[in-house]
Amino acid sequence: EDQVTQSPEALRLQEGESSSLNCSYTVSGLRGLFWYRQDPGKGPEFLFTLYSAGEEKEKERLKATLTKKESFLHITAPKPEDSATYLCAVQAFRGGATNKLIFGTGTLLAVQP
Amino acid sequence: DTEVTQTPKHLVMGMTNKKSLKCEQHMGHRAMYWYKQKAKKPPELMFVYSYEKLSINESVPSRFSPECPNSSLLNLHLHALQPEDSALYLCASSHRTGSNYGYTFGSGTRLTVV
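So the sequences go chain by chain: A and B. Mapping the first sequence onto the working numbering, position 95 (from 1) lands on 1334, and the numbers just tick up by one. Mapping the second sequence onto the working numbering, position 58 (from 1) lands on 937, and the numbers just tick up by one.
Just so you know, these hints were derived from the structure itself, not from any lab. Check each hint, because a few of them may be wrong.
[Said to hold, decoys possible] Here chain B is said to cover these stretches of chain A; the calculated rule only asks that three of the stretch's residues, wherever they fall, bring their Cβ under 8 Å from a Cβ of chain B:
| hint | segment |
| --- | --- |
| 1 | 1310 to 1320 |
| 2 | 1339 to 1345 |
[To be verified] Just some of the chain A residues that point at chain B, by a computed CB distance under 8 Å:
| hint | residue |
| --- | --- |
| 3 | 1242 |
| 4 | 1285 |
| 5 | 1326 |
[As the list claims (entries may be wrong)] DSS-like, lysine-lysine: derived pairs with alpha carbons at most 27 Å apart:
| hint | chain 1 | residue 1 | chain 2 | residue 2 |
| --- | --- | --- | --- | --- |
| 6 | A | 1307 | B | 888 |
| 7 | A | 1318 | B | 932 |
| 8 | A | 1281 | B | 919 |
| 9 | A | 1339 | B | 917 |
| 10 | A | 1339 | B | 919 |
| 11 | A | 1281 | B | 920 |
| 12 | A | 1339 | B | 888 |
| 13 | A | 1302 | B | 932 |
| 14 | B | 888 | A | 1281 |
| 15 | A | 1281 | B | 898 |
| 16 | A | 1307 | B | 932 |
| 17 | A | 1339 | B | 901 |
| 18 | B | 932 | A | 1298 |
| 19 | B | 897 | A | 1298 |
| 20 | B | 898 | B | 932 |
| 21 | A | 1298 | A | 1308 |
| 22 | B | 919 | A | 1318 |
Predicted model only: the values in this text are computed from it and were never measured. Backbone N, C-alpha and C fix where the C-beta goes; we use that ideal spot for every residue, glycine too.
Same shape as in the complex, but just chain B (with noise of 0.2 Å):
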């Protein structure tokens, strides 16, 4: 399996609503990645996890809180979102975050803040 596979494909929510993403890679890939991607812009990087825990937050609100429960799974619970935080957001994996081997990433979550 060479797939990092991200559920739901799309979503679409109230500013009032609660909700998760889910990220899941069986490559046996030690870290695991949120980015965020607006239209015509890069990803940009979320938060890092590196053997389950936590290495880097980008300063992202505390409305984006990331669980990792195992190695091979990754969550991205959302609560009072604002309709900016409308895009796309990829998970990726990679061997760990001092590898130089190719991140995989997912299809991506398509989410609507309405």
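Isolated chain A, as found in the complex (with noise of 0.2 Å):
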């Protein structure tokens, strides 16, 4: 069965303490593999999309990295506005041209200045 695990499930850190979330999954047919942010009460802001073992992506603070059985999503010097939800979603092929997007249960940051 097709399954995808964030952790840790929050993390609260100081500004400036760099630190990594973790999304491991088992998926048959994986097209690929995204990373969202969430605020409260809003839509996921699309983050970075990795489709192959050994593929890293940068934005600013963050840094996505790509295994064959997990992902790691690097904060580094955080700052208070990086406090969110962060989700990891995979997109399994399913037949066709129908592909389906499973959500991990996602991690809450927490950044105190």
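Dock the two chains into a complex; use the hints.
Set out below in structure tokens:
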């Protein structure tokens, strides 16, 4: 069965304290792995797509990496405005042209000044 | 225009009411989605439309009825809902269901059923 697991569930950091969020997955026919940021009461905001093991992408203080079994979202010198829930999702091939996005449960990040 | 617009932002309805949620995008995306998100939970897929045709229904109760009038619009018609249907309803779009490009989400409609 397809599964996406994120850890930790919650993370509290001091401003400037770097850390990493983990997303491990088991899925057949992986088409892509996505990272989203979600603020309370808002829709998810797209951050990155990773397609193959070894791939890395960066955006400001965020860097996403991908292996065959997991992805990491590294946050370097975070600021309070980075506080949000970070969602990982995988797109699984389901035959024909129909794919399905499967979300993990998210990591709630709080960055204190 | 790189946005998905959802209306209304908030909706309170009684269990005997009929209401509709609306979603609009002008990015030329041909796949559109409805997701339901409960508090502190990830989004759960409800429906997928591909080229205005329903391609996935995740065993959603019939009190939720989706409609895709054209390639830019997606509606979700609500009837005889239950309090447990209260949630954030998210609309998303992508180039096509087979695309590896990121899905663009709207800000959601916060639905409360009383």
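Does residue 1298 of chain A pair with residue 1308 of chain A here, judged by a C-alpha cut-off of 27 Å? It holds: about 22 Å lies between the C-alpha atoms, which stays within 27 Å.
Given pair status - residue 1318 of chain A, residue 919 of chain B, alpha carbons within 27 Å: holds (23 Å)
Going straight from one Cα to the other, do residue 1339 of chain A and residue 917 of chain B come out at no more than 27 Å? holds (19 Å)
Residue 1326 of chain A as chain B interface residue, shortest Cβ-Cβ below 8 Å: Check passed: Cβ of residue 1326 of chain A comes within 6 Å of chain B, closer than 8 Å.
Interface hint check: residue 1242 of chain A, Cβ to nearest Cβ on chain B, cutoff 8 Å. Holds or violated? violated (12 Å)
Residue 1307 of chain A paired with residue 888 of chain B [C-alpha distance capped at 27 Å]: Answer violated: residue 1307 of chain A to residue 888 of chain B is near 39 Å, above 27 Å.
Satisfaction of hint between residue 919 of chain B and residue 1339 of chain A, Cα-Cα up to 27 Å: Distance of about 21 Å is within 27 Å: holds.
Are the Cα atoms of residue 1281 of chain A and residue 919 of chain B separated by 27 Å or less? holds (12 Å)
Between residue 1318 of chain A and residue 932 of chain B, is the straight-line Cα distance small enough, at 27 Å or below? violated (44 Å)
Is the Cα-Cα distance between residue 897 of chain B and residue 1298 of chain A 27 Å or less? violated (43 Å)
Starting from residue 932 of chain B, check that the Cα of residue 1298 of chain A is at most 27 Å away, please. Measuring from Cα to Cα gives roughly 36 Å; hence the hint is violated.
With a Cβ-Cβ cutoff of 8 Å, does the segment 1310 to 1320 of chain A contain at least three residues near chain B? With 0 residues closer than 8 Å to chain B, the segment 1310 to 1320 of chain A misses the three-residue bar; violated.
The structure fails to meet hints 1, 3, 6, 7, 13, 16, 18, 19 from the earlier list, while all remaining hints are met.
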